[in-house]
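Number of protein chains: 2
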Amino acid sequence: MSQEAVTAALLVIGDEILSGRTKDKNIGYIAEYLTNIGIDLKEVRVVPDEMDEIVAAVNVLRKRYTYLFTTGGIGPTHDDITADAVASAMGLELYEDPRIIALMLERLKPEDLNEARRRMARIPRGAEHVANPISKVPGFMIENVIVMAGVPSIMQAMMDDVAPRLKTGARMMMETLEAGLPEGAYATPLSDLAKAHPDVIIGSYPSFQDGRFRNQIVVRSKDGAKLQAALTAISDMLKSLQH
Amino acid sequence: MSQEAVTAALLVIGDEILSGRTKDKNIGYIAEYLTNIGIDLKEVRVVPDEMDEIVAAVNVLRKRYTYLFTTGGIGPTHDDITADAVASAMGLELYEDPRIIALMLERLKPEDLNEARRRMARIPRGAEHVANPISKVPGFMIENVIVMAGVPSIMQAMMDDVAPRLKTGARMMMETLEAGLPEGAYATPLSDLAKAHPDVIIGSYPSFQDGRFRNQIVVRSKDGAKLQAALTAISDMLKSLQH
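Protein chains in written order, with my numbering: chain C, 1 to 243; chain A, 244 to 486.
These aren't lab readings, by the way, just hints derived from the structure by calculation.
The beta-carbon is built from N, C-alpha and C at its ideal position, and this holds for glycine as well.
Be aware that one or more of the hints could be misleading.
Computed footprint of chain A on chain C, listed as stretches where at least three residues anywhere in the stretch have a Cβ under 8 Å from a Cβ of chain A [claimed, not checked]: (1) 44–58; (2) 81–95; (3) 121–131; (4) 135–148; (5) 154–167; (6) 196–209.
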């Protein structure tokens, strides 16, 4: 249990998310994926397709967490500036990787390999590819920054490709209890239990459906025995209140 | 068109989003809502239920944008620390608002108004309520910070309550063109058109379904005439390529 925590941030790059035109599907997917492999997602930011904004966020987040994942902005159009922004943030130069050109020529006629498409072959020197089995053009990993596509199916394939190369920590385990009571009825004893179980993270999550609240208590820990002890204590507390 | 831009950031507070347990439904809703009323959402952050993280994000975001909206962390349990964090960030104190106690007593017996539930009546001095028609306990607005619930139906009702009180700017209008071509085929002429139409934001958005890419070009502007001019130019460009 003394294993070092491995942390991550996610930077979602895209005007289309901020305008509401596109509803993000990547945050929830990546959050769940990282949790399952023992990487703790600690922060998410969504920024527009603006160089200064992306550069600033990349530099804060890559220094603060074990890994920084980005989604979006790696296509051939003028609004795709993620590779340039990441290179600029890290003080690196982009070069046209002939291996990416070769991958592109698996799908394109040579006469269709125009200047815009060649932009997608530009990655920082020293970067590793993050394979894209769908449309071939890879993302990349440079130091602790992983640059992925924004299209969900491609991003998901890229996560599968890069995940085996990542350091991982102890997996956060999670159990959910149905409270069966209003939050206000158990908030004080739950707070006492949260203090008594310091290696366990206890959250209470209301949802509202069909005119009724349903409250769930979620208990998380990297230590299975401590998780079970907290679960038992919370379950006993809820039973005592239900009588 | 010289109307001042009104900007906003959204701070989503919640371990449950970062762990992937809960899939956020508020970012997309708020993004679309603000766009529709003439407020430009410029940044979103998701942070855990940790005081220092919330305080730091509140202070950066409230100073940088016209408005800061928060979601989550305003219930009665120990992990609900948003009101404390916002007050701390702004150097304000919380007080128990008797008007909120009265609202709570519309739904609760006096003997059920325990210490944990009373926590939900604590707001910064000078804050206005943001009404919650569903479970009564309001959010609040203090200076330019709007604190809302995380439960989507309650957050949505709170947006409806607070929106008429907000400054709004010119509405960003948006039109979408089906490209009908691979992105790489139109990226260079589209980039030229983006440069030629500086008051218009042009984005190209691929999606991938059933083994095929579908590319949409989205044109946004606060100036209807400039939007139409750009649309016509892009449409002509696409037609010229399709021949």
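Ascending list of hint numbers which this structure does not respect: Result: hints 2, 3, 4 and 5 break, sorted rising.
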